[in-house]
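**Q** Each chain is listed here by its residues.
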Amino acid sequence: MLEIKNLHVKIAAEDKPILKGINLVVPNGEVHAIMGPNGSGKSTLAYVLAGRSDYEVTEGDILWNNESILGMAPDVRAAKGVFLAFQYPMEIPGVAGLTFLRTAANAVRKKRGQAEYTTPEFMKVVRERAAKLNIDIEMLKRPVNVGFSGGEKKRSEILQMAMLEPTLCVLDETDSGLDIDALRIVSDGVNALRGPDRSMVVITHYQRLLDYIVPDKVHVLAHGVIRKTGDKELAKQLETTGYAEFEGKAA
Amino acid sequence: MSVAIMKTKAELALAEQFQSALPALPGGPEVAKVRQQAIATFGELGLPHRRIEDWKYTDLRTAFKDPAPPSAGDAAKLTVGDLIVALGPYMDLDAPRIVFVNGHYRRPLSNLAGAEAVIVSPLSEKFERLTPAQSDAVTSLNTAFVTDGAVITIPAGVTLEKPLLIVSLTAGKDARLSTVRHQIDAGADARATLVELFITLPGSSPDQQTNTLTTLTAGDRASITHVKAASDGGRATHLSNWIVALGAGTLYRGFQMTSGLALVRNEIAALYRGEHAKLDISGVFLGRSNDHIDTTLTVDHAVPHCESRELFAGVLDGRARGIFQGKIIVRPDAQKTDGKQMARAMMLSPDAEFDSKPELEIYADDVVCGHGSTVAEIDEDLLFYCQARGIPADEARAMLVESFIGEAIERVEHEGLRHCLMQTATAWLNALPA
Chain A
256 MLEIKNLHVK IAAEDKPILK GINLVVPNGE VHAIMGPNGS GKSTLAYVLA GRSDYEVTEG
316 DILWNNESIL GMAPDVRAAK GVFLAFQYPM EIPGVAGLTF LRTAANAVRK KRGQAEYTTP
376 EFMKVVRERA AKLNIDIEML KRPVNVGFSG GEKKRSEILQ MAMLEPTLCV LDETDSGLDI
436 DALRIVSDGV NALRGPDRSM VVITHYQRLL DYIVPDKVHV LAHGVIRKTG DKELAKQLET
496 TGYAEFEGKA A
Chain B
990 MSVAIMKTKA ELALAEQFQS ALPALPGGPE VAKVRQQAIA TFGELGLPHR RIEDWKYTDL
1050 RTAFKDPAPP SAGDAAKLTV GDLIVALGPY MDLDAPRIVF VNGHYRRPLS NLAGAEAVIV
1110 SPLSEKFERL TPAQSDAVTS LNTAFVTDGA VITIPAGVTL EKPLLIVSLT AGKDARLSTV
1170 RHQIDAGADA RATLVELFIT LPGSSPDQQT NTLTTLTAGD RASITHVKAA SDGGRATHLS
1230 NWIVALGAGT LYRGFQMTSG LALVRNEIAA LYRGEHAKLD ISGVFLGRSN DHIDTTLTVD
1290 HAVPHCESRE LFAGVLDGRA RGIFQGKIIV RPDAQKTDGK QMARAMMLSP DAEFDSKPEL
1350 EIYADDVVCG HGSTVAEIDE DLLFYCQARG IPADEARAML VESFIGEAIE RVEHEGLRHC
1410 LMQTATAWLN ALPA
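Line order of the protein sequences matches chains A and B.
So the first sequence is numbered by this note's numbering: it starts at 256 and just counts up by one.
So the second sequence is numbered by this note's numbering: it starts at 990 and just counts up by one.
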């Protein structure tokens, strides 16, 4: 279970607060969507969950399975099951996709006390999971994300997620830059990972993604706080009304 | 007003050492005469210093203070076991080898099985004559002090299947100056891979000094890969020259890797003698603490229709300094020349320094030539991305640096050799202070 308690965050190098007291609970097995206007702090929340050092938590806490993760390095959080699917996946010239996936998967397996994949085991697993995401294995012999289209990068993110077998998935604007076919493939990949032991936080600006990944709850984040919480109907309502209601300063 | 430059302590010591070493140096009176002329040339020039344009960044007058006595023979008694340890991953190539210890041929350590098609002999066994290679100070010292080296002839049309290792080991509790000269002559249509290795044995003095010179001539349509890897010398000094001449339609791939040496000058001069030849000269330099690694390259497009490619990648930590000087000359007749040069450095410390000086001297009008140079640190965003995928920071850092080095090592076609070079690079990275 994810518990975010009164979370205040600022950019480490500046004084300007971005998150101003977020409270959020995502029980095991639930998918929660976080929506909101641009600049509301959605991506900041995603980065803070993953442990990016550019941000500073000034108040509050993040508990994952009753344990504070704030003092943990990003790789330690990953081993604890936290996974962030990036809005803009990075290109890593010179590192082959398969090498990267194997290094990452074995790093978390080792920390979780699981046996590391042997080469044949790894290849079998990666072939299966790549096929489900319509990813050609030849593509994974190339350097990570280099020369990939927007859709290919997002599918590559979901493959990484599938290989790392996280228990908390944070998806940051996974729908951005996807056409309708790619959106369907990516959503199918995400839905395949839904399960009673896995919590998901789906961050999006548009309701469209939530037609495919149907959330248990929808939260509206604006000006650094959660302004409204509802079920999937709230997302549909936002689609018609927009975020105008939340544009004003928080009280 | 002109002021006579005072000779440095090192210059005086070298002259003295030459006089006492001369009687024991190989070769008859004719060779001795050439040596004396060379030391006289050195006496006039002195050690190169920063006011000489080519030596702007590497002032040997200040950096090279204590010349070690020339190695008089193989003081260190090395076994095949020692050699196996020294060669490390290169043993897996199962390749023929000619071995020198402190600049002297060691038959018991050499094994030329598999290289029967080529003629390999130690220079010390055919020392009838010696020619000064160039007129500069460092090669003059090489001519004066040279004790041995590999003389290799690859007859026309012969293909050498396995790489041929030319191994120079330095060993012993006392610092010595080892001076070797290799002469490689590849006939028309010959194909071969030659690998020069310079390794200091564990437990040896960390102050070993080497002056090495290789001349390589490739006949028409020959295809030659030529690698040099110098590593693990502690505070060692390594002065190296490659002089390469290419015939028509040749394909020459040169590669140099330098790691774990304190004072290094790698000079490479390549000359095209025939048209439609292609060369790729690339390399990796890895510097830490106060290491100083200078690569100075001249590619002389003297004839039309030739192609040159260079990619050098350096990783610099501590107060290390990397230098890349790359000169491409395109002579008036060398139309349709195609030249591209790139030098990249990754800085692991704010105190490291990289000096890059590309020089294009183009006298022909129908050519395509380009050069570039970059300096970068490890990308923090990439580092976070790797960490977010569960890869610990130090492992992620190593992976990103390895990928940076790997891009240059990719230029080596032989997979086994690439693996050896990568292993040396990884070992160097793993030994860096955290």
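Derived by calculation from the structure, the hints in this document are not laboratory data.
Certain hints may be false.
[As the list claims (entries may be wrong)] Derived DSSO-like pairs (lysine-lysine); straight-line CA-CA distance at most 30 Å: (1) B:LYS1267 <-> A:LYS396; (2) A:LYS472 <-> A:LYS396; (3) A:LYS396 <-> B:LYS1316; (4) A:LYS260 <-> A:LYS396.
[What the hints assert, rightly or not] Which chain A residues face chain B? A few, computed with CB under 7 Å, are given here: (5) ALA305; (6) LEU325; (7) GLY326; (8) PRO329; (9) MET345.
The C-beta atom is built at its ideal place from N, Cα and C for all residues, glycine as well.
**Q** Compare the structure with each hint and give your call.
**A** Status of the hints after comparison with the structure:
For the proposed pair LYS1267 (chain B) and LYS396 (chain A), the alpha carbon gap of about 29 Å is at most 30 Å, so the pair holds. At roughly 39 Å between alpha-carbon atoms, LYS472 (chain A) and LYS396 (chain A) are farther apart than 30 Å, so this suggested pair is violated. Note on LYS396 (chain A) and LYS1316 (chain B): the hinted pairing is violated, with a Cα-Cα distance of about 36 Å set against a maximum of 30 Å. Taking the CA atoms of LYS260 (chain A) and LYS396 (chain A), the gap is near 42 Å; set against the 30 Å cutoff, the hint is violated.
Interface restraint check for ALA305 (chain A): the shortest CB-CB distance to chain B comes to about 5 Å, inside 7 Å, so the restraint holds. Taken as an interface hint, LEU325 (chain A) does not check out: its beta carbon lies about 15 Å from the nearest beta carbon of chain B, beyond 7 Å. The interface hint given for GLY326 (chain A) is broken, as the beta carbon of that residue sits about 15 Å from the closest beta carbon of chain B, more than 7 Å. A hinted interface residue such as PRO329 (chain A) counts as satisfied when its beta carbon comes closer than 7 Å to some beta carbon of chain B; here the least separation is about 4 Å, so the hint holds.
Against a cut-off of 7 Å between C-beta atoms, the interface hint on MET345 (chain A) holds, since the closest Cβ of chain B lies about 4 Å away.
The structure is inconsistent with the numbered hints 2, 3, 4, 6, 7, although it conforms to all the rest.
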